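With chain A fixed as given, assemble chain B onto it according to the hints.
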Amino acid sequence: MTEKIETSTAVSEAAYVQDYTLDELMVATLARTIRDGNTVMHGVASMIPVMAIQLAKATHAPDMVCVNLEGVDFRPQRCYLTTEYFALGEGAVQWMSLPRMFEHAQRGRINLGFFSGAQIDRIGNMNTSALGDYQQPSVRLTGGAGQAILAHTVGRIVMWLPRHESRRFPEKVDFVTFPGHHPNVKKRLDKIVTNLAVMGFDQETGYMKLISTHPGVTVEQVQHNTGFELLMPSEVPETELPTVEQVRLLREKIDPEGVRKQGM
Amino acid sequence: MNKVLPNLDEAAALVKDGDTITISGAFFEQAPMALIRAIIRRGVKNLKVVVAAHGIAVDILVGANSVRTVTGAYVGFEGYGLAPNFRRAVEEGRLDFQESACFAIASAIRAGALGLPFMPLKGLFGSDLEQVRTEYRTFEWDDEEVLLVPAIKPDVCLVHAHRADAEGNVQTRGSSWDDTLAEAAERIIVTVEEIVSAEEIRRTPEFTKIPGFVTTAVVEAPRGAHPTGCPFEYDFDEAHIKRYLEMGKTADEFQNYLDEYVYGPKTHDDYLLKMGLAVPA
Numbered sequence: 000m001t002e003k004i005e006t007s008t009a010v011s012e013a014a015y016v017q018d019y020t021l022d023e024l025m026v027a028t029l030a031r032t033i034r035d036g037n038t039v040m041h042g043v044a045s046m047i048p049v050m051a052i053q054l055a056k057a058t059h060a061p062d063m064v065c066v067n068l069e070g071v072d073f074r075p076q077r078c079y080l081t082t083e084y085f086a087l088g089e090g091a092v093q094w095m096s097l098p099r100m101f102e103h104a105q106r107g108r109i110n111l112g113f114f115s116g117a118q119i120d121r122i123g124n125m126n127t128s129a130l131g132d133y134q135q136p137s138v139r140l141t142g143g144a145g146q147a148i149l150a151h152t153v154g155r156i157v158m159w160l161p162r163h164e165s166r167r168f169p170e171k172v173d174f175v176t177f178p179g180h181h182p183n184v185k186k187r188l189d190k191i192v193t194n195l196a197v198m199g200f201d202q203e204t205g206y207m208k209l210i211s212t213h214p215g216v217t218v219e220q221v222q223h224n225t226g227f228e229l230l231m232p233s234e235v236p237e238t239e240l241p242t243v244e245q246v247r248l249l250r251e252k253i254d255p256e257g258v259r260k261q262g263m
Numbered sequence: 000m001n002k003v004l005p006n007l008d009e010a011a012a013l014v015k016d017g018d019t020i021t022i023s024g025a026f027f028e029q030a031p032m033a034l035i036r037a038i039i040r041r042g043v044k045n046l047k048v049v050v051a052a053h054g055i056a057v058d059i060l061v062g063a064n065s066v067r068t069v070t071g072a073y074v075g076f077e078g079y080g081l082a083p084n085f086r087r088a089v090e091e092g093r094l095d096f097q098e099s100a101c102f103a104i105a106s107a108i109r110a111g112a113l114g115l116p117f118m119p120l121k122g123l124f125g126s127d128l129e130q131v132r133t134e135y136r137t138f139e140w141d142d143e144e145v146l147l148v149p150a151i152k153p154d155v156c157l158v159h160a161h162r163a164d165a166e167g168n169v170q171t172r173g174s175s176w177d178d179t180l181a182e183a184a185e186r187i188i189v190t191v192e193e194i195v196s197a198e199e200i201r202r203t204p205e206f207t208k209i210p211g212f213v214t215t216a217v218v219e220a221p222r223g224a225h226p227t228g229c230p231f232e233y234d235f236d237e238a239h240i241k242r243y244l245e246m247g248k249t250a251d252e253f254q255n256y257l258d259e260y261v262y263g264p265k266t267h268d269d270y271l272l273k274m275g276l277a278v279p280a
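Heads up: the sequence lines are chains A and B, in that order.
Per numbering that gives the first Met the number 0, the first sequence starts with residue 0, numbered consecutively.
Per numbering that gives the first Met the number 0, the second sequence starts with residue 0, numbered consecutively.
Just chain A, same shape as in the assembly (with noise of 0.2 Å):
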């Protein structure tokens, strides 16, 4: 499935707020990525991604569908630290079953995914997995869940890192979960979100890059933060601000018990 061509976003700087929260700025960011009529799937433990889907449906994108292991098209009335949980297909159009999200991807109709990872490289990879040696790991983690997967069936990727540490973002990650490097995973990933900075891949080598860096951010700072040199490019803007409509959203409407700031 074809996605729409992005429509404009743009908005005049009048209705830009200085008042956010970085949580918010990270939402805003990534409700961005979505464009109107695109089908979406976010993966378990993902509050901040879970928030950009209803930001997005309720300003830019009305017509964008989330499928996600609950429901389709849910409309949540309350969030807990989970999103693999029925209150997220509460109100949706049809339950779903964990098998039939990865069915749908499969077969081509999901645009969309959001990705997270304990580390990140320069590729793409992250680790979900282990830290440290894979079989005497230092820290055992969850596991990926879906990603090894949904890199290869989901259309574009976009990943949210809310800590941008240099040990998170080392050279190489100490265990591939979410293949990055993979020629028919490279040309899906399209964003990187963090609280520091967008970035993206370049299309040739696959290395990352950096796209933008958040009010207040320096280019340096990114750099310093991050294991392997970016690439830059020549002139680096700044990321755009969360609108006065977003964040009213934000906060009244879609998340007033504030779920995103424990999800970063």
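Calculated from the structure, these hints are not laboratory results.
Only a predicted model underlies this, so the values are computations on that prediction, with no experimental measurement involved.
Note that CB positions come from ideal geometry on N, CA and C, so glycine has one too.
Please note that a few of the clues may not be correct.
Calculated pairs, DSS-like style, for lysine-lysine (alpha carbon to alpha carbon, straight line, at most 27 Å) [to be verified]: (1) A:K190 - B:K47; (2) A:K185 - B:K121; (3) A:K190 - A:K208; (4) B:K248 - A:K260; (5) A:K190 - A:K171; (6) A:K186 - B:K121; (7) A:K171 - B:K121; (8) B:K265 - B:K248; (9) B:K273 - B:K47; (10) A:K260 - B:K265.
Partial selection, computed: residues in chain A whose CB lies under 8 Å from chain B [what the hints assert, rightly or not]: (11) T81; (12) P178; (13) T242.
Restraint ranges, calculated between C-beta atoms of paired labels, are given here [stated by the list, open to error]: (14) A:T204 - B:E143: 18 to 28 Å; (15) B:P119 - A:D62: 43 to 53 Å; (16) B:A277 - A:V138: 53 to 63 Å.
Frame of chain A; chain B shown alone:
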């Protein structure tokens, strides 16, 4: 045929040392926790647990030393934290974790349910999981690389559901793939919120996930998913999950958790009383 057993202990006795088991539900929903507590009380050992993604249901069995291997794609508590007993056991080299991806495991179980030797699917390529899952094969079909995962046919499937009749026709509401999990297994043990009449089931056959001829045994266990939730019935117990994670921080402290919540209450009724969840008669 009547499939109803009078209590969880008799149901738990159907699970033998060394069995391969699957578990219904997910992290915080529809996990057959009352049945799992009964299995732990019986001292069952060396289970081979197969799950796509789960949390407390796997972690509590590992913490009670009932498990030899876990096959899974995600074991954790999402935003609440890592699975304390699971990570400790893997880090200390006491637990063999056979890591895979959700859909690969679901496909292997579906192959089991369909009576096929394997299932084809797309993906996993380029991941290091390809190196550790040596039983998987690849196949070229019209220039497309396909992954083949061998079937999993568990000895036992543990399910918590909304309701069933005496013949073991089981109904659930909400997201679930209990039908596939059950059909793949040899013995299917189901706890339900409520046992209802056959007429009641026949009024809404579209909700029936597991037909009686597949089911081995049914036990009534209201609130049997606690501390996980049950769609349309009750939410998960967030405070108890936090307490579990707190008490799971060390092996010694977790023993206190087991003593208090698993070994202490000898029956499900005792547990409900202790938790203040007793359902009025």
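Numbered hints the structure breaks, given as an ascending list: Structure breaks hints 1, 9, 10, 13, 15 and 16.
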